[in-house]
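Make a model of the complete structure from these sequences and hints.
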Amino acid sequence: MSKFLSKQDLEEYRKKIINSRDPNKIIIALCGDTGCQAYGANKIADAFRKEIKAKNLQDRVELKITGCHGFCERGPLIVIYPKKIFYQKVSEKDVSEIISESVVNDNVIERLLYVHPETKEPIVKEDEVPFYNRQQKIISGMNSVIDPTNIDDYIAIGGYSALEKALFDMDPDSIIEEVKKANLRGRGGGGFPTGVKWESCKNAPGDIHYVICNADEGDPGAYMDRSLLEGNPHSVLEGMMIGAYAIGSSEGYVYVRNEYPLAVENVNIAIKQAREYGLLGENILGTDFSFDIKVTRGGGAFVCGESTALMASIEGLWGEPRAKHIHTVVSGLYNKPTNLNNVETWANVPLIINKGADWYSKIGTENSKGTKIFSLVGKVNNTGLVEVPMGITLREIIFDIGGGVPNGKKFKAVQTGGPSGGCIPEEYLDTPVDFDRLTELGSMMGSGGMIVMDESTCMVDVARYFLNFLKDESCGKCTTCREGIKRMYEILTDITEGRGKEGDIELLEELGWVVANASLCGLGQTAPNPVLSTIRYFRDEYEAHIKEKRCPAKVCKALIRYEIDQEKCTGCGRCRINCPVEAISGEKKKPHIIDQEKCIKCGICHEVCKFDAVNII
Amino acid sequence: MEIAAKTEENILTKESMEILDKIISRYKGKRGALMPVLQEAQEEFGYLPIEIQNYIATQMGIPASEVYGVVTFYHFFTMVPKGRHTIKVCLGTACYVRGGKKIIEKLKNDLGIDIGGTTPDRRFSLDVVRCLGACGLAPVVMVDNDIHQGMKPSKLDKTLEPYK
Ligand SMILES: Cc1cc2nc3c(=O)[nH]c(=O)nc-3n(C[C@H](O)[C@H](O)[C@H](O)COP(=O)(O)O)c2cc1C
Ligand code: FES
Chain A
0 MSKFLSKQDL EEYRKKIINS RDPNKIIIAL CGDTGCQAYG ANKIADAFRK EIKAKNLQDR
60 VELKITGCHG FCERGPLIVI YPKKIFYQKV SEKDVSEIIS ESVVNDNVIE RLLYVHPETK
120 EPIVKEDEVP FYNRQQKIIS GMNSVIDPTN IDDYIAIGGY SALEKALFDM DPDSIIEEVK
180 KANLRGRGGG GFPTGVKWES CKNAPGDIHY VICNADEGDP GAYMDRSLLE GNPHSVLEGM
240 MIGAYAIGSS EGYVYVRNEY PLAVENVNIA IKQAREYGLL GENILGTDFS FDIKVTRGGG
300 AFVCGESTAL MASIEGLWGE PRAKHIHTVV SGLYNKPTNL NNVETWANVP LIINKGADWY
360 SKIGTENSKG TKIFSLVGKV NNTGLVEVPM GITLREIIFD IGGGVPNGKK FKAVQTGGPS
420 GGCIPEEYLD TPVDFDRLTE LGSMMGSGGM IVMDESTCMV DVARYFLNFL KDESCGKCTT
480 CREGIKRMYE ILTDITEGRG KEGDIELLEE LGWVVANASL CGLGQTAPNP VLSTIRYFRD
540 EYEAHIKEKR CPAKVCKALI RYEIDQEKCT GCGRCRINCP VEAISGEKKK PHIIDQEKCI
600 KCGICHEVCK FDAVNII
Chain B
0 MEIAAKTEEN ILTKESMEIL DKIISRYKGK RGALMPVLQE AQEEFGYLPI EIQNYIATQM
60 GIPASEVYGV VTFYHFFTMV PKGRHTIKVC LGTACYVRGG KKIIEKLKND LGIDIGGTTP
120 DRRFSLDVVR CLGACGLAPV VMVDNDIHQG MKPSKLDKTL EPYK
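Top line first, the protein sequences correspond to chains A and B. Number 616 marks the last residue of the first sequence (numbering that gives the first Met the number 0); no jumps. Number 163 marks the last residue of the second sequence (numbering that gives the first Met the number 0); no jumps.
Don't read these hints as lab results, they were simulated from the structure. Do not rely on the hints blindly, as some may be mistaken.
[As the list claims (entries may be wrong)] Here are the in silico distance ranges between beta carbons for each label pair:
1) B/G45 with A/N334: 35 to 41 Å
2) A/K24 with B/T158: 38 to 44 Å
3) B/G45 with A/E489: 43 to 49 Å
4) A/D429 with B/T158: 50 to 56 Å
[What the hints assert, rightly or not] Below 30 Å or equal to it, Euclidean Cα-Cα: the simulated DSSO-like pairs (lysine-lysine) are:
5) A/K588 with A/K609
6) A/K15 with A/K83
7) A/K485 with B/K81
8) B/K87 with A/K293
9) A/K609 with B/K21
10) A/K42 with B/K163
11) B/K151 with A/K588
12) B/K157 with A/K556
13) A/K271 with B/K21
14) B/K100 with A/K556
15) A/K271 with B/K27
16) A/K42 with B/K151
17) B/K157 with A/K597
18) A/K567 with B/K101
19) B/K107 with A/K556
20) A/K609 with B/K101
21) A/K485 with B/K100
22) B/K154 with A/K92
23) A/K553 with B/K154
24) A/K201 with A/K6
25) B/K87 with A/K600
26) A/K293 with A/K136
27) A/K548 with B/K101
28) A/K408 with A/K548
29) B/K151 with A/K408
30) A/K597 with B/K154
31) A/K470 with B/K157
32) A/K88 with B/K151
Glycine included, C-beta positions come from ideal geometry on N, C-alpha and C.
Next comes the structure, spelled out in structure tokens:
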């Protein structure tokens, strides 16, 4: 492959790829993302390859291993193009039938279709599935169409045309103007206007400027950044190239979590291919713009998602945040002006450049434009990644797209914003999702984790969970954060273990105020949010723990016990056999009992009982 | 040097020094080299005892305290040897609300070790991770590089069986 030396080279190459591709060829797009791999997608891929070869169908059908299609609950997923037939929960055993029925012949296999939960009708096409048809996948949509390890796929769908436009039809100022006009706000949590940040960085004095992509994705329960890097890495790289050109940077970094091996691999492949094509390196497309990108792997520290800690980490130091009297756009990595944006923020850039700010700003609300990808997980039927226009309500996301709460349980709260966010109760479900509205509710947009909780989730336990996380992740620099979070965690532990006392709630609120106001970085400043928001909306649950020594959700071990319903128990012995501490006894076919002294409350008896005879009291 | 005394055999053999030299030379003169060097060294040896840290520090001309600071700051690095298989139980929020805690408790009980521990026969090490990015399949457990989805305490025995 020779490098593109001009705009024409790239355009001609794109035409060549498109012309060489047979539009009638059947494409089987199999999700090969981390999630579907856990379901065994690799074996399915092998089976397809074998079957295609055995039937000699190489000319008629192509297997494409793509990134995340979003509907992780139903994986492994395949979509057969051009008809867009959507098969879910596919297994190795189905492969030969799929080939003979839906490739060789023109039939649909009903058993593999998604069944509409209400009408009970099977649905053939991907975009008619309720999970998908309410989404607006302008950023993540290409994930299910392209092979992320093949740059040609990206170029064929118009990839790198935004870079062309930026380099040849625009200048740095007009690019920044466009991004400002689109009102793109950072997707990493803070929602800072991206164009304004770029402008400050561009104007900061110094010959060297850096751009960085934040792919640390520290929010536990969120994986949209992983899926973008794994599924469409070139869109992120293209965004970075445009940003670098606007800012005047020749060196970029992608800082990616070490827990994401496939993302590291795919972004490295993408960078290598972009270099081979001359899209990274010296004199890109024959212009005098030179730019290259390096990948740095993190070391598993949440605080390294924070801008100054992240830059310290790239420098090879431990990731301790510093005070930001001087912003990183002026003095960041190696004390040079540095512009940091989140993965999803970068992925929005090519779209804005290609389609224009006017088009882009039609999507969303007044102050929050575009779409946002959420990781819709927890106690919800349709878990997965959803991309929705800003302004959609929480209820639409959780109930219309997510299909509501499973097992007939009642919805209790949705947690957004990760460890810095908060829990939003049912009464606010009609709130439109945008940066400012979520903050008003005591939560925040965050990077896009949306964890649904039902009546069997204890809100005090959830608050304790987050503080445990933050206590471990605090870098220890500020006393209020290091000690304050620990004290709050201890109080919450006491409450969940039956040692709560009058005044604990007030003490938590007071400590929370101090931690939030006297800590240096965002970690400490937002750490009390999970506690304060649950106190705000679920004070009665705290009080039940403290005053009545009762856990209404029946989660806190010290406040519950397991008992066998003597009427319902058939004496099948399943619980007795499965109990890890031999605490259950009883004769065959006679009701069993649990020895409360021995019971460690692991809940296995409750889980394995087929007669619903184990009660939590 | 109390920690050094704890490592069982002398890990800093001639061969291991050669391996380390090779890793270090690849990053020679590059900025921010310490993290990738440590990452590769750990991939090679499984852990980073003081001897290895000291060697890296000397060869790279970095104070040993700084190397130690970096190793102890990041969760990814470990100073104790691991078992043949590492079980990582996800306790990210999605996995937590779907019962991740019950899984870690069952494992602690079954294996008789705490988080961060290794069984006496060196078969398993037990760790906790905060999100593997497979939240849609929660709760998940990763054994070595395999992600097991939709875990339940009662499914654990069968899941671990193939890992000898
Ligand atoms: C403790 C802490 C953790 C953070 N973690 C992340 C993260 O994992 N990913 C991310 O993009 N931003 C994270 N941020 C926000 C970044 O500091 C920064 O604001 C963001 O990357 C800027 O990009 P954006 O303007 O495109 O959002 C974190 C902030 C704090 C205080
Ligand atoms: S929370 Fe467990 S994989 Fe994300």
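For each hint, the structure was consulted:
A C-beta distance of roughly 36 Å is found between B/G45 and A/N334, which places it inside the suggested range of 35 to 41 Å. The given range of 38 to 44 Å is respected by A/K24 and B/T158, whose C-beta atoms sit roughly 40 Å from each other. In this structure the hint that B/G45 and A/E489 lie 43 to 49 Å apart at CB is violated, the actual value being about 35 Å. The hinted range of 50 to 56 Å is not satisfied by A/D429 and B/T158, whose Cβ atoms lie roughly 41 Å apart.
Distance check on the hinted pair: A/K588 and A/K609 sit about 14 Å apart at the alpha-carbon level, within 30 Å; holds. Under the criterion of a C-alpha separation no larger than 30 Å, the hint pairing A/K15 with A/K83 is consistent with the structure, at around 25 Å. Between A/K485 and B/K81 the alpha-carbon distance is near 29 Å, which keeps this suggested pair within the 30 Å criterion. Proposed proximity of B/K87 and A/K293 is supported: the alpha carbons are some 29 Å apart, at most 30 Å.
Proximity of A/K609 to B/K21 is assessed by CA-CA distance (about 58 Å); at most 30 Å being required, the pair is judged violated. A hinted pair counts as satisfied when its Cα atoms are at most 30 Å apart, and A/K42 with B/K163 qualifies at roughly 22 Å. Of the pairs offered as hints, the one joining B/K151 and A/K588 holds, with about 26 Å between alpha carbons and a cut-off of 30 Å not exceeded. About 26 Å separates the Cα atoms of B/K157 and A/K556, which keeps this hinted pair within 30 Å; it holds.
With a CA separation close to 23 Å, the supplied pair A/K271 and B/K21 stays within the 30 Å bound. For a cut-off of 30 Å, the pair hint linking B/K100 to A/K556 stands: about 11 Å separates their Cα positions. Restraint check: the Cα-Cα separation between A/K271 and B/K27 comes to about 21 Å, which is no more than 30 Å; the hinted pair holds. Distance restraint check for A/K42 and B/K151: the Cα-Cα separation of roughly 23 Å lies within the 30 Å cut-off, and the hinted pair is therefore satisfied.
Proposed proximity of B/K157 and A/K597 is supported: the alpha carbons are some 25 Å apart, at most 30 Å. Simply put, A/K567 and B/K101 have alpha-carbon atoms about 25 Å apart, close enough for the 30 Å limit, and the pair holds. Using a Cα cut-off of 30 Å, the hinted pair B/K107 and A/K556 holds, with the two alpha carbons roughly 16 Å apart. Simply put, A/K609 and B/K101 have alpha-carbon atoms about 19 Å apart, close enough for the 30 Å limit, and the pair holds.
Of the pairs offered as hints, the one joining A/K485 and B/K100 holds, with about 20 Å between alpha carbons and a cut-off of 30 Å not exceeded. Taken as a hint, the B/K154 and A/K92 pair is honoured in the structure, with Cα atoms around 23 Å apart against an allowance of 30 Å. For a cut-off of 30 Å, the pair hint linking A/K553 to B/K154 stands: about 23 Å separates their Cα positions. Restraint check for A/K201 and A/K6: the C-alpha separation of about 25 Å stays at or below 30 Å, so the hint holds.
Pair hint B/K87 plus A/K600 holds up; C-alpha atoms about 22 Å apart against a cutoff of 30 Å. The hinted pair formed by A/K293 and A/K136 meets the criterion: a straight-line CA distance of about 28 Å does not exceed 30 Å. Using a Cα cut-off of 30 Å, the hinted pair A/K548 and B/K101 holds, with the two alpha carbons roughly 22 Å apart. Proximity of A/K408 to A/K548 is assessed by CA-CA distance (about 24 Å); at most 30 Å being required, the pair is judged to hold.
With a C-alpha separation of about 19 Å, the suggested pair B/K151 and A/K408 falls inside the 30 Å cut-off, and the hint holds. For the hint linking A/K597 to B/K154, the alpha-carbon distance of about 22 Å falls within 30 Å, and the restraint holds. At roughly 34 Å between alpha-carbon atoms, A/K470 and B/K157 are farther apart than 30 Å, so this suggested pair is violated. Between A/K88 and B/K151, the direct Cα distance comes to roughly 20 Å. Compliance with the 30 Å bound is thereby established for this hinted pair.
Going through the hint list in order, the structure does not satisfy hints 3, 4, 9 and 31.
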